[in-house]
Structure formats: C-alpha cells, structure tokens
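Single-letter residue listing:
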Amino acid sequence: MKLGYYPGCTLKTKAANLEKAAMAALDHLGVEYKELSRWNCCGAVFSLTDDDLIHQVAPVRNLIRAAQEGCDTVVTICSQCYNTLARANKLVRENEEKRDTLNRFMTEEPDYNGEVEVVHYLSLLRERVGWEKLREAVANPLTGLKVAPFYGCTLVRPEEVAIDAVDDRILEGFIEALGAEPARFSASRECCGSYQMIAHPEEGIKRAAKVIGAANRSEADALILSCPMCEYNLGTRQREVVAATDGLTEVPTYYFTQLLGVALGLDTDLCRLDLNGPAAQELLVDKKFIAAATV
Amino acid sequence: MPYTPELKELIKIVEKTRPERVAKKRNGEEIPFLSLDERKKRLDFHPDFKTEGRRELKVGPSKGYGIAHEIADLLEAGSRVAPEKVNLSEPAYETDVLVIGGGGAGTSAAILASQHGAKVIMATKLRHGDANTMMAEGGIQAASKGHKDSPYYHYLDVMGGGHFTNVPELAETLVTSAPDAIRWLEHLGVNFTKKADGTLETIHGGGTSRKRMHYAADITGAEIMRTIRDEARNLADKIQVLEFSPAVELVLNEHGQCAGAVLYNMETQEYFVVKAKAVILATGGCGRLHIQGFMTTNHYGATADGIVLGYRAGVPVSFLHTVQYHPTGIVFPEQAEGILITEKFRGSGANLVNVEGNQFVNEREPRDVEAASIIKECVHDGLGVPTPTGRLGIWLDSPMIEDLAGEGTVKREFPGKYILYKRFDIDISKEPMLIYPTLHYQNGGLEFKETGETRVPGLFVAGEVGGGIHGANRLMGNSLLDIIVFGRIAGTSASAYIENGVKDGKLTLEHVVKYNAEVAKAGITDGRVAPAIIPNYTEAEVRSRQLTANYIGNVR
Amino acid sequence: METATLTEKVAAKTIPIYIMGKKYEVPETLTIMKAMEHSGYQYIRGCGCRGGVCGACATVYRKAGDYKIYTGLACQTVVEPEMYLTQIPFYPANRAAYDFESAKPTAETVYELYPELFRCVACNSCTKVCPMDVEVLDYISALKRGDLTAAAEISFDCIQCGLCASRCMGEMAQYHMAQVARRLQGGKIAPKAEHLEKMCGEIDAGTFTDVLAEAKKMTVDELKKVYTERELEPHMGADEWTPASNFGLA
Ligand SMILES: Cc1cc2nc3c(=O)[nH]c(=O)nc-3n(C[C@H](O)[C@H](O)[C@H](O)COP(=O)(O)OP(=O)(O)OC[C@H]3O[C@@H](n4cnc5c(N)ncnc54)[C@H](O)[C@@H]3O)c2cc1C
Ligand code: FES
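Sequence order for the protein chains is A, B and C. The numbering used here numbers the first residue of the first sequence as 6 and each following residue consecutively. The numbering used here numbers the first residue of the second sequence as 4 and each following residue consecutively. The numbering used here numbers the first residue of the third sequence as 6 and each following residue consecutively.
So here's chain A without its partners, still in its complex pose:
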C-alpha cells in the first residue's frame, strides 16, 4: 500500500498540536507515508451543512490528488477531514450518477471512481501497526493516567463512515496501549456543541457542559479529542463553560496524538503542548511523564 497523508487546513494553522507528534509517531513506528503535494480544503464546512453536489467537489478533488500521486490509501488525522473525505468517497463509490456528474464537472482532472481508500489515523494505528506493537513501542507508559475518550460526532457518524462500531472502543484500545487507563465516560459520543456556538451560544455551552460534567463524574484526569472543533469548544472555551455552569471543574484536554507522542518518548516539543492550556502541561509534569517545561 502506498499511503498518502492529507493534512487539512486547521492542522497547518491552529492545530499544529494535532499534527506534529502524529507524523513523528508514524516515522517512529516505521509507517511510510507521503504528504500530498497539492491539496485543498477538505470541504468540511459545506458537506455538513448542505447536500449539494458542488460541495463534494472539494473532497473528491483531494482524493484525485492522492490518486495522481500514486497513493491507494490516504490517511488524515482531523476527524472532520476524515468524515468529509470518507463520505465523499462513499458517494463516489456508490452513486454512479453523481459520480459521473462530478467527473463531468471536473473535466480538467482524471476521472475518479473511488480507487483511493480513506482511513483515519486511529484506524491506521489499529489495523496497520496494531495495539500490540504500539504497546511495545511505548517507552514512557502513561501509568496511572485516567483518560476520558471523546469521539464526538465525526469519527462515528454517520454509521457508514464510522471508524468504530459502538463496542470496538478504538480510543479505549488506544489509551490502553499507551499504558493509561480509559475512564468509563458516558458522554464520549455526544456532540461537543461547537456547531451551535455562533447561532445558539447557550446551547453550545450546555452541550460542552454535559461533556465536561461527565468527564468529572468519571474521575478522568484528562480528556482526549481528535477534532479541532471539539478542542475549540471543550478546550479553548472550557474555562468559560465551567464558569457558566454550576458544579464543574476544569479538566485538561489533549489531542490523542499528543499523548501518543509523550508515550512513545518523542521530543516533547513536537507535541506542541504550548498550544493547549497550561493545565495540560502541568498534569504531565506532575505525573512525571515529561520534564518541567522549558518553553
């Protein structure tokens, strides 16, 4: 398999803390990949809000780029990008009429018939590397860290592109492989509320409060995520949410890739903990997983 890596815009701007450690981890684990040289926005903003065929043009064009670079599989880390690309791919594969319309629209590109496989980074770890091998590669087991796994919407909905059937518990498997303990966490497949933040801010806060409340109840030390939108609502705005709601306490959030980097013993700088709140860094120092910050 030739593996292409589709980064997505947010990872190149605000969410460097989602990308850097992840790519270093692949190198570390001996998975060969190639970052696509030409790509555009995955198209997320549109395909989720609307159903027009034109919104499939962006994701399909990225898949064409992957095919053009000779990749049979493309991996992406952001769960939004994954969702968008995977759904577009599914549409192309299953709906001949729409596929033809898309191909006719993009006459400047080679035809695309769904030749490329879209996988999420977590699936790649599970299927390509395997939990066993990952566990062996862990140099710095996160023993004693209780982590609440947050899937949110886009990794698991709609069902046809879910990276995980309800009971596969892929994030839990991942947490265990790192030597940490998965918290039993009732809100792990809830919506983070970020999509409500502009039109219905109170609703957005309510949703986030629900997730944080559940994390508190599960006595998790930390919450892990895979989506920059979730990170925005549950991480960046957490203080606001906690202040607005009775009975919540703050809980550090990480991208799953950051804990991966720490557990593999990669250069801590790659984890870009500086982009998370200070509590995220302190927790890992307290637990002696990383040295005190020199940032």
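In short, the hints are calculated from the structure, not lab data. A hint or two may mislead.
[As the list claims (entries may be wrong)] With a straight-line cut-off of 27 Å between C-alpha atoms, the simulated DSS-like cross-links for lysine-lysine are:
| # | chain 1 | residue 1 | chain 2 | residue 2 |
| --- | --- | --- | --- | --- |
| 1 | B | Lys197 | A | Lys17 |
| 2 | C | Lys222 | B | Lys452 |
| 3 | B | Lys278 | B | Lys452 |
| 4 | C | Lys222 | B | Lys43 |
| 5 | B | Lys11 | B | Lys425 |
| 6 | B | Lys11 | C | Lys18 |
| 7 | B | Lys66 | B | Lys452 |
| 8 | C | Lys193 | B | Lys43 |
| 9 | B | Lys452 | C | Lys221 |
| 10 | B | Lys198 | C | Lys222 |
| 11 | C | Lys109 | B | Lys241 |
| 12 | C | Lys133 | B | Lys414 |
| 13 | C | Lys109 | A | Lys19 |
| 14 | A | Lys103 | C | Lys133 |
Use these hints to put chains B and C with the ligands onto chain A, whose structure you have.
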C-alpha cells in the same frame, strides 16, 4: 505557429555547433569586446545613424535639433483642442500635485508626494499600471554588493554605455540612490529573487562590469509595478487615480508656473481641467511611434505625449536624436513580433548565432552595439535566418542554458517566455528563438535636473520621458532604476516646492496659442495634431470606408 | 529596413471569426487583438501592454459546436476559425485597502481583509479560466491553510486580469488576495538582504562622495581610460568573486 520544416532544418546547424560553444562558455572563452573605436564603426549600422531618418526641428525651444521624423511630426503639430474653447475658470479638480502617467515613475512620485503630505491626483491614459514598467523583465541595477561593486563602477558603466555623453550629475544621482531604491522596493514587498539567507541574486547585463542586475524571476517590472500600484491603492484617500484620462496640454498660470493640465476623458470624449500647485510628467516613452517602421516592445500608450506637452510649455529636449533598439525582439512567430526577449537569456549564457551556426558578437556589448551587429549580420553580411514571411532574424540559442545550468533552468528562470512560446508549440528549452532588433526605449527626452525640476517652475519630470541620465544609450536595468530613483525624487521635490509656497494665479493656455502660431508660421499647415495618445492600427482600406468617422490625429 | 516592416505584407489566408457574435474575415496569422484592429476596432479599453503581462485584454471565447468556455489574452492568442469571442476589459472586484506598514505577515491578515476566502468550494473554475495557467485554486487553498509563502509562489505569474473573479462561485477576487500574500512574503517573510543595508549605510556615510566627485570632473578621455581599464567580473564566475580594488570597501 511552430517552426516550419525549413526552419527546423536550419536549427540543426545550430545544434551542430552548440556543444563546442557550450564548452567555450564554460571555460570563459568569449568573443572579445569591441574596442571603443570598433564600437564607433559598428554603430554605422545603427538606425540612429541613418541621416535620412531624421530632420531638424522647425519650432520650439530646441529648434534646429535633428531628431526622428516620427517625433518631429508630433513636435511640429498643433494642439488637439482649441485653447480658447477650454474653460480654465472652472477646473473639474483641484489638487496639490498632479502626476501625469501611471507607470513606475508616476506611481513612485505619487507615493512619495503623498507621504510628504501632498494631496495627489494621478491622471493616466490607460489603466493604472498599463505601462512600459509592467513589461520590464530582465532586472534593475544597483551596486548592492560591497565586496565587489560600488557606485563608482556603476557610474563608469552608465557613462560608458551612454558613450560618455550623459549628464554627470544625473548619472551620479542615479548610482548613489540605487541601493536605497532597491531597499525601498524590498521593504514594500517586491519579491526579488534571493538566496536562502536573503542575499539578492545578481547577474550581468550588457555593459556591466559587475554583476549587479537584481531581478524577480523574468517579470521584474510587473512585480515592481503591481507592488507599488498596490501601495498607491492603499493610499486611495491621498492619491486619486483618473484612468483613461490622458493629459493633452499643460496649463500654466500668469506667473509662468506650471499649474495643471487639460485632460481628455477618452470614453466620454470630454476635455476637463485639473488645477494643481505642481505637476510631475511621467508619461514614459515613444515605441508606438514605430520609428523607421520598426516593430516595438512598448505598451500601447507609448506615444511620446509628455514630450509634446513639456516642449510646448517651454522645456527643451535632449538626447532625443538617439533611440534604443533592443537587440533581441521576436521576429518569428509573427503573432508575437516585437515582443522583447530579455537580455537575461544572454546573461545566462545563450549565444547569438547566425544562419551558419556561428557566433559573431560578444553577447554583452551595450545594446546599440549589439543591435547594430545583428543588423549588420543580417542586412550587410547576408548571414541572417530567413523567416516564412520574408524577414530576417538571428538565433538566440536558449537551449544552451539548459546545457550550462541544468535541465529545467529555462522553464524555471523564464516562465513567462517559456509559456509564451509554448502557446506557439515551440519549446525554447530545446529550440532556439529567432530574433531581430526592436524599438525599445527613448534614450532622450525632456531636459531636467537631478532634483526633477525643469526650466518651467512647478513642472517636474521623472522616468523615460526625461533625457540625460543615460546619455546616448541606456544600459539594461538602469531604466527601472531611473524611474524609481527619479520618481521618488520628483515626488519629494514637488511637495517641497509646494511647501515653500506657490503663488496662486490665473490659469492660462497662452503658451499653446503661441505654439500653434509658431507651427503655422513655420509653414506647417497639414492640420497635424499632437499628442498622439494612441496609435491607429486600422487598415487603410477599412479607414477609407469609415466615411463619417471623425479622426482627430490618430484617435477616432 | 526590410526586416522590420510593421503590417503584414504577405497576404495570409483569411478565416471567419465572430466578434461579439458578428462575423468578420481576418488573416489567420493574427492575434485576436490584431484581428479586431484589422476589422476596424480601435481600442480604448482592453489593450495595455500588448505583450501578455498587463492583464488588460482578457478574452472569453467559444468554438462552434463546443460547450466549453475558453479564455486567452487577446494580445497573445491566435485566431481560430469560427471562434466566438468577447473581451472582458473590466470586471468589478472587491479590494480591501490595508496599511502595509502595520500588517502582520500572517494568514490572519488576509482572513481579516478577505473573509470571503472561506466561501471557496474548490470548484476550480478559477484555475480553469486562468489565461496564465496559474493554479489559482492551489494558491487559494494555500491561503486557507495559512501558507503565505506558497500562495506567493504559486500566484507569482498572475497578471490580475480578473477572469478568476469573473467565474468564482464564492464571488471572491482571488488576485487581490494573492497580491497581499506576495507583498507580505517579499517585504516581511523573506529574509532581508544584509549586503544591501550595508551598502546604503556606506553611501549615507559618504564613502563614495570623493571618488564620484573626481569621476564627474574627468574629461571624456580620462573617463574613457578608466572605463576601458576597469576590471570586469567574469561572466560565469561565482558571486563571491572580488576585484583587485573596490574603493574602500572590503
Ligand atoms: C518590454 C520592455 C522590457 C523592459 N525591460 C527592462 C529591464 O529589464 N530593465 C530596465 O531597467 N528597463 C527595462 N525596460 C524599460 C523600462 O521598463 C521603462 O523605461 C520604464 O519602465 C519607464 O517607466 P515610466 O514610468 O517612465 O514609463 P511607463 O512605465 O511607460 O509609464 C508611463 C505611463 O504614462 C501613461 N501616459 C502616457 N501618455 C500619457 C498622457 N498623455 N497622459 C496621461 N498618462 C499618459 C502611460 O500610459 C503609462 O501608464 C523595458 C521596457 C520594455 C518596454
Ligand atoms: S494587452 Fe496586456 S496582456 Fe494583453
């Protein structure tokens, strides 16, 4: 149109001699430069030296001076508009500084004047930036590398290129302001081609003793023009741009100061007056006059208007007897005729080769010498390459660059020209180009001082419209430099002039009335008018059927 | 000058073209621009450099029996039989003014000036329509992910003709965004040339004043002598080359 089978046969001869020529280039073996005496002889083949190509001016401040017929025709012409019909008492606009011309010189002047607090109107004939500046490709000179160059050597090169006739003060100002001009452009965001550490790439140009040609890929002028235009647009509250509004006359006031201009709205065909405390003429060159029938590299609006305006207002012309022919303009395919092939091709190692595949001149002679050599080779020595339409050209062996600097260099360093030829199914990284001299630059122009001032108070000059900096011949890369240096100076001087207090006075076109009378007195009665504004390319036959069309000069 | 005639003297075969729907017979060797002039048009708008760099002459055309939209520069595109053409000499476009001095070289600067950037649906019409073969969608994508350097490089050949804006379903003016990126790249991201700064300092300090004053006083013969004797930097040599003397500068 790709090369015809006949031309493809001739290319084989070039290919045959190429390996040896590449080897020589690598070893630094060049055809020796001509001595100063030899240069002089060679220039007999230059169009400037054809005596039947010029005549002495019958009117105006430089009466008796011999210049090309095509320019003389315009200087010995009447006004486009009857002066008494212009309503001078109700100007449509009033401003501090009126800049005439929206090329590189005009735009730099406008920016600087506005930075010094002046309110600016910039009137231009086409769109802002439709100008020769946009077209410059090769580069801009400046002695920026102290380990091997200095303004002194730059000065020597400028003077030598101009055959030691340049006005020394202008040349000095040019070379000593050069590094600061580049720094200004860098600061404003021009993407000069650089090494990773920020060192500017520099190469040779014709007549340079040091590699001091800075460039931005092969669109140096466009990159400069679009950057400073963007800056001027950001200053829209201080610089108002009037497009498609060429100036057709300067307006003076009763104290003899320049006090504005009459503009012509080409779309609504109205004439209107702008009143200003100072005026900067930056109207560029004259290529579209097609002197001696030559094809040209210049933009559509290069019709010497500024010279006409300034001359009528009392400013003499200097060095206007020489015009620059760029040695390498496209002669085939003819759809692209006249288009310039930058000297950088030669700077990067491409030879000029005759029909027999032989070199005949060093590729880095000053332009006039280079052009004269090509004309001699074709017309006198019969060694030109015949084109399908019966013209003659010389090969410019661009594939050599690939041999010298590696495959892909031509496409990377000359993307513009690579695409241009690709459209005609010619791959210039594999096939040579066919070239001939093309009318390129107006060496001379209105007389002015290193402060940008002219003899007429309140009238400043910047850019190609001025004469003296380059003497009888300009070197490549010194004109982009001149427009930035003297554009900035003119902007600064004009605002300083205003700050020193300008007496308000009654506007007048009396100088135009007088000039019209002088033209009539000289016996010129064919009703010629100037400025030309735009060329007319309508076929004579079509024109003969335009029975009710009303042409004033060239313009319908 | 027999090789430098202006108008085509050799009678070329003529072909029919349709200028704004109206038929004209023109010589097949002409560009669209020259064909329109040949037919009796005199340009005011729609013609600038005549050399393919100013973007004044953007032209849209179709061919008989072909649904596709073709574009080209009138000054660069050779006529084809049965082409239906019109020029787009002007197309309104939103340009945001900004203060370059204070603008930060980050993507946010562009986002704030042009929030419509995010209306791009990657339809690629812009790239398809570009007469300069600029990968417009690619530079827009680069801007969206905050890579100003890539946007500056990809957009470098843009001549701002506005055809991309005319076809954009997000109603953006891509080329204005690219201009901001290029200026930020050139002025604030690319490393500055230190040797340039140094030379400006030397000039301000008057290092060359005397030697130039002397040069200005030289007679033509004296000048000719120093000119002829001046040391020439070898053509193919490296940038590091140094001359024997360079007047006070190491
Ligand atoms: C193809 C080409 C390549 C070149 N390459 C180089 C190079 O590599 N290096 C170099 O140093 N130089 C080069 N030059 C020369 C250089 O570009 C020009 O000499 C210089 O840019 C002239 O600048 P300017 O501002 O004086 O005139 P322009 O840039 O021509 O601007 C003059 C402006 O005035 C306008 N105008 C004219 N008449 C009127 C009127 N009556 N009223 C109002 N506006 C008017 C014009 O339309 C135009 O906008 C090149 C020139 C050409 C044509
Ligand atoms: S006229 Fe300038 S691009 Fe055609």
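Hints and how they fare:
no.: 1; hint: B:Lys197 x A:Lys17; in the structure: 26 Å, holds
no.: 2; hint: C:Lys222 x B:Lys452; in the structure: 18 Å, holds
no.: 3; hint: B:Lys278 x B:Lys452; in the structure: 24 Å, holds
no.: 4; hint: C:Lys222 x B:Lys43; in the structure: 24 Å, holds
no.: 5; hint: B:Lys11 x B:Lys425; in the structure: 16 Å, holds
no.: 6; hint: B:Lys11 x C:Lys18; in the structure: 23 Å, holds
no.: 7; hint: B:Lys66 x B:Lys452; in the structure: 21 Å, holds
no.: 8; hint: C:Lys193 x B:Lys43; in the structure: 47 Å, violated
no.: 9; hint: B:Lys452 x C:Lys221; in the structure: 15 Å, holds
no.: 10; hint: B:Lys198 x C:Lys222; in the structure: 38 Å, violated
no.: 11; hint: C:Lys109 x B:Lys241; in the structure: 23 Å, holds
no.: 12; hint: C:Lys133 x B:Lys414; in the structure: 21 Å, holds
no.: 13; hint: C:Lys109 x A:Lys19; in the structure: 16 Å, holds
no.: 14; hint: A:Lys103 x C:Lys133; in the structure: 21 Å, holds
Checked against the numbered hints above, the structure violates hints 8, 10; every other hint is satisfied.
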